Amino acid sequence: MRLFEYEAKEIFRKLGIPVPKGATAGSTDEVSLAVRKVGLPVAIKAQVLVGGRGKAGGIKFAESLEDAVEQAKESMSEPIRGHKVNRVLIEEKLNIKHEYYFGVIIDQLSGAPTIMLSTEGGVDVEIIAGDKPETLVSKRVSPSRGLFRFEAREMCRQLGMYGSLLLKSSDILYLLYGVFSKYDALIGEINPLVVTTQDEIYAVGSVLEIDDNSLFRHSDIGLDLSRRSEDDIKREAVERGLSYVRLDGDIGVIGSGAGLTMATIDLIKDFGGKPANFLETGGGITEQLMERAVELVLKDGRLSALLINLYGGINPMPAAAKGIVKAFERLRPKIPILVKVVGNQQEEAWNILEIAGITVVKEIQTEVAVKKLISMLGE
Amino acid sequence: MCILVDERTRIIVQGITGSIGSTQTKLMLDYGSKIVAGVTPGKGGATVHGVPVYDSVKAAVSEHPADVSMLLVPAPFIKDAAVEAMDSGMKLLVAITEHVPVHDAVYIREQAESLGVRVIGPTTPGIICPGKTKIGIMPASVFMEGNVGIISRSGTLLYEIAGNLTLAGIGQSTCVGIGADPVVRIDMVDILRLFERDEHTKLVAIVGEIGGVQEEEAAQFIGEMKKPVVAYVAGRVAPPGERMGHAGAIILRGRGTAQSKINVLKSAGAKIANRPSDVVSLTKTCI
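Chains as they are written, first to last, in the numbering used here: chain Y, 1 to 379; chain X, 1001 to 1287.
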């Protein structure tokens, strides 16, 4: 789960990383208040959960209050790469002398936390790695040993820092690794880390993505998950413990595993259909979860058909079948629907579905089910 | 024969008394898997389908020497359970559990590396040697004894591919789900190496999906292999930046697309299946 910039900065600030003076605003009145609190001139930063904001015009500057209000209004009326802007972060505008990149990620190749620093801040780390790899200093960290202060200092020294800049920056790096580790982050980034003309240092750009699977031990952050997604169906799916991705087509898809569901949408496209969504239950199917999954997908007004593709491995198929039947009897959908069920207790599940008048595919091959559904649509 | 495990492999199940633990234990026993003991802290002295339960792995293995631990404990407890198993001398762990925090997986991976322990998973269906043993949650009915080795990142897609092969009369030597998380301990290359050495395996099928670098790493080894490799990669329709169910199945900043994986596998010499049924036809032309 990616945090908004202002949420990430609040965490950084609490743990001792210096951030610029700032306040968020969602309306004209709030913008005026924020500007008074922060002081002119200001930077106005659109709060969206997507990268590449600067290039998309998401960062503006203002010298006067009127200008700030005008710019903020404009920001909140223009989506950034398809994402609606509900809030802006108003920050003091700094006099920048130099920008650095400081980041920690979980590297998928080594399977370990990896720190990357560069003297070329303000651009994406991939671009730095591609264009100026010689400016990168990187280090793999042992998760059981953690990062020592001397290691942070050594990395900053290799970056060419010395004197008080070396001490302040290595402190910030040490704290950034602390945030990364404490909050189960997948990405912790300060980009840019700004050195001002007065030689003060601030984390100006902040990215923090927390591992969804670790949220059970971070209830203290107090994040409101409901505002993360603009898509109603997706939001409900997350609340119900389902994985949902909206696609452009008209064939609804529910699958009992990520790989199978991905293969199903690929096949629908292959056979000339268009999937409307990807919905995956994972290994925790119950009668109630299945009923809710079907209900959720049927809410989508674009649907012209629905394909449900289930394997009974860890998931109990009779319970899944009962959940599907319950949703059907309540909602009485008018579109063609196919359910493919294979695996443990398949006969019992087939029986439950067929008694309710639901078309069942009993073949192992998903291709058979997809072809059949597409031909039903053609009739 | 089989890789990693066989019909003599002695298994303990951590989390045996939970509803999934007990159901899956029964299915594995029915298949012929040798489960010698189970572990659930606080439930020592109980039995599950005739299998004795202990309070700790140490207590279980001191009475019943074992080779493999299968973990079915809830995600918040997996780090503790995995380290307990490693500390008690287990050399192979099969971690079925989904939704494991990545930082815990990173820790488990590091410990396993330093102790020389193999961990399959997390988020794996497990491992099956059809007709011999099943250490996992896969439905037995879609598998059949034979000569094709399968490596899969996904559980359900493994069932789909194995099912397609079985239906065509092509059996499998061993099927391994390496796990669908961003950080897993075992790499596709480790398994490819074992299949390359295994006399019984005539062909290897790789079942990949978007995200990560497993397929790219595997491609580097495929060039050195004598055995034919067939590969299927799911997620061609997946939009970038969206997690497709599995935590590791995401195209990040343009990297890890199905097409890029297909390209590297293809140039390494793997035969590419566009649909699950193509795995069957390509396998038939190779063996």
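Hint data in this document are derived by calculation from the structure and do not stem from the laboratory.
Hints are supplied without guarantee of correctness; some may be wrong.
One-sided and incomplete, this derived list gives chain Y residues near chain X with beta-carbon spacing under 7 Å [stated by the list, open to error]:
#1 E30
#2 G54
#3 F61
#4 I106
#5 G111
#6 P143
#7 N213
#8 S219
#9 G343
#10 N344
#11 I364
#12 T366
#13 V368
No more than 20 Å apart at the CA atoms, straight line, and that leaves these computed lysine to any residue pairs for SDA-like [claimed, not checked]:
#14 K1034(X) / S1062(X)
#15 K1026(X) / G284(Y)
#16 K362(Y) / R1275(X)
#17 K55(Y) / A129(Y)
#18 K1226(X) / H1200(X)
#19 K334(Y) / P318(Y)
#20 K1026(X) / P318(Y)
#21 K234(Y) / E1242(X)
#22 K1079(X) / L40(Y)
#23 K60(Y) / Q71(Y)
#24 K372(Y) / N1274(X)
#25 K269(Y) / R1193(X)
#26 K84(Y) / P1240(X)
#27 K168(Y) / K55(Y)
Treat the numbers as computed from the prediction; the structure is a model and nothing was measured.
Virtual Cβ for every residue (Gly too), placed ideally from N, Cα, C.
Results for each hint:
no.	hint	in the structure
1	E30	violated (30 Å)
2	G54	violated (15 Å)
3	F61	violated (27 Å)
4	I106	holds (6 Å)
5	G111	holds (4 Å)
6	P143	holds (5 Å)
7	N213	holds (4 Å)
8	S219	violated (13 Å)
9	G343	holds (4 Å)
10	N344	holds (5 Å)
11	I364	holds (4 Å)
12	T366	holds (6 Å)
13	V368	violated (9 Å)
14	K1034(X) / S1062(X)	holds (17 Å)
15	K1026(X) / G284(Y)	holds (18 Å)
16	K362(Y) / R1275(X)	holds (19 Å)
17	K55(Y) / A129(Y)	holds (19 Å)
18	K1226(X) / H1200(X)	holds (14 Å)
19	K334(Y) / P318(Y)	violated (24 Å)
20	K1026(X) / P318(Y)	holds (18 Å)
21	K234(Y) / E1242(X)	holds (12 Å)
22	K1079(X) / L40(Y)	violated (50 Å)
23	K60(Y) / Q71(Y)	holds (7 Å)
24	K372(Y) / N1274(X)	holds (19 Å)
25	K269(Y) / R1193(X)	violated (35 Å)
26	K84(Y) / P1240(X)	holds (18 Å)
27	K168(Y) / K55(Y)	violated (29 Å)
Hint compliance for this structure: hints 1, 2, 3, 8, 13, 19, 22, 25, 27 are not met, and every other hint is.
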